[in-house]
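Visitor: Sequences are here, hints too, so could you generate the full structure?
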Amino acid sequence: MDLKEFVLIAGSGGVIYYGGDQSWFDTKVGRQSGCGTVAAANTTAYLALKNPELKALYSGNNLDNITKDDFIVHMNQVYKYVEPLKMPFFVQPAGGIPFLSWYADGVIRYAKSKGISLRAHWNKREPTFNNAVQYIKDGLRKDCPVALVNWRNSKLKSIPWTNPDTGITSNQDFQIHWVTITGLHDYRPIGQVYIDVSSWGSKATLNFNDVWSNNDILGYAGMIYFDW
Numbered sequence: 001m002d003l004k005e006f007v008l009i010a011g012s013g014g015v016i017y018y019g020g021d022q023s024w025f026d027t028k029v030g031r032q033s034g035c036g037t038v039a040a041a042n043t044t045a046y047l048a049l050k051n052p053e054l055k056a057l058y059s060g061n062n063l064d065n066i067t068k069d070d071f072i073v074h075m076n077q078v079y080k081y082v083e084p085l086k087m088p089f090f091v092q093p094a095g096g097i098p099f100l101s102w103y104a105d106g107v108i109r110y111a112k113s114k115g116i117s118l119r120a121h122w123n124k125r126e127p128t129f130n131n132a133v134q135y136i137k138d139g140l141r142k143d144c145p146v147a148l149v150n151w152r153n154s155k156l157k158s159i160p161w162t163n164p165d166t167g168i169t170s171n172q173d174f175q176i177h178w179v180t181i182t183g184l185h186d187y188r189p190i191g192q193v194y195i196d197v198s199s200w201g202s203k204a205t206l207n208f209n210d211v212w213s214n215n216d217i218l219g220y221a222g223m224i225y226f227d228w
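Note that the UniProt record's numbering numbers the sequence shown so that position 190 is 190, with each residue one more than the last.
Please note: incorrect hints may appear among the correct ones.
Claimed, not checked - FRET-style restraints, in silico, Cβ to Cβ:
hint	residue 1	residue 2	range
1	Lys50	Asn131	22 to 30 Å
2	Lys28	Met1	35 to 43 Å
3	Gly13	Gly115	30 to 38 Å
4	Tyr187	Pro127	17 to 25 Å
To be verified - Simulated crosslink set (SDA-like; lysine to any residue; CA at most 20 Å straight-line):
hint	residue 1	residue 2
5	Lys68	Gln32
6	Lys4	Ser213
7	Lys137	Ser213
8	Lys86	Ser23
9	Lys203	Ser12
10	Lys28	Ala120
No lab work stands behind these hints: they were computed from the structure. By construction, the Cβ of each residue, glycine as well, lies at the ideal position given by its N, Cα and C atoms.
Guide: What follows is the structure, given as structure tokens:
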């Protein structure tokens, strides 16, 4: 189960990015902690692409031909509403966007600034693995990207990811990170579920069993999508 077609962004030299990349921000805070902002930019751009009545959600210049420079304009507009947390007097960013409610409120305020009313579709079912899988399925069936935040999950410390600029695959740290879920592969008869996600301008695959079975006492996984 996949979204019909995700946000494909044209870079230089024929490179095609799968969603945005926080490294494109100009600020240090954005580059280090802007993953949640990028998830919001991905989500709003996708909704604009697929729904003519939501076209205003994309702040770039050309929705029919999304370039890297154009998408950066969009990311920076979304940043004004979905801004990473920065504590005063600290050199390093203090944790990006730590709460689903903060993320959801920011996306809704951004949409409102464009004259569009989005609603956060919260998962009100009991927080079980099967219900979480169903929530993702519900969002994807509506053709809505699902934002996922992982917090302190050591099982996601080393995930294969391919750099879209070089084509080189390496292991990256998804332990404390926002991503955009774009696909789900349900193999529960053999005990496994996998999700495709957009992260750092490329597609990666996470084992949802690992996402959900976080044993860290301070860890959690949260998800949200939007309808209208």
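Visitor: State for each hint whether it applies.
Guide: Structure-based check of each hint:
1. Lys50 - Asn131: 22 to 30 Å: holds, 26 Å
2. Lys28 - Met1: 35 to 43 Å: holds, 37 Å
3. Gly13 - Gly115: 30 to 38 Å: holds, 37 Å
4. Tyr187 - Pro127: 17 to 25 Å: holds, 21 Å
5. Lys68 - Gln32: OK: Lys68 and Gln32 at ~19 Å, within 20 Å.
6. Lys4 - Ser213: violated, 29 Å
7. Lys137 - Ser213: holds, 19 Å
8. Lys86 - Ser23: holds, 17 Å
9. Lys203 - Ser12: It holds: about 18 Å lies between the C-alpha atoms, which stays within 20 Å.
10. Lys28 - Ala120: Measuring from Cα to Cα gives roughly 29 Å; hence the hint is violated.
When each numbered hint is compared with the structure, violations occur for hints 6, 10.
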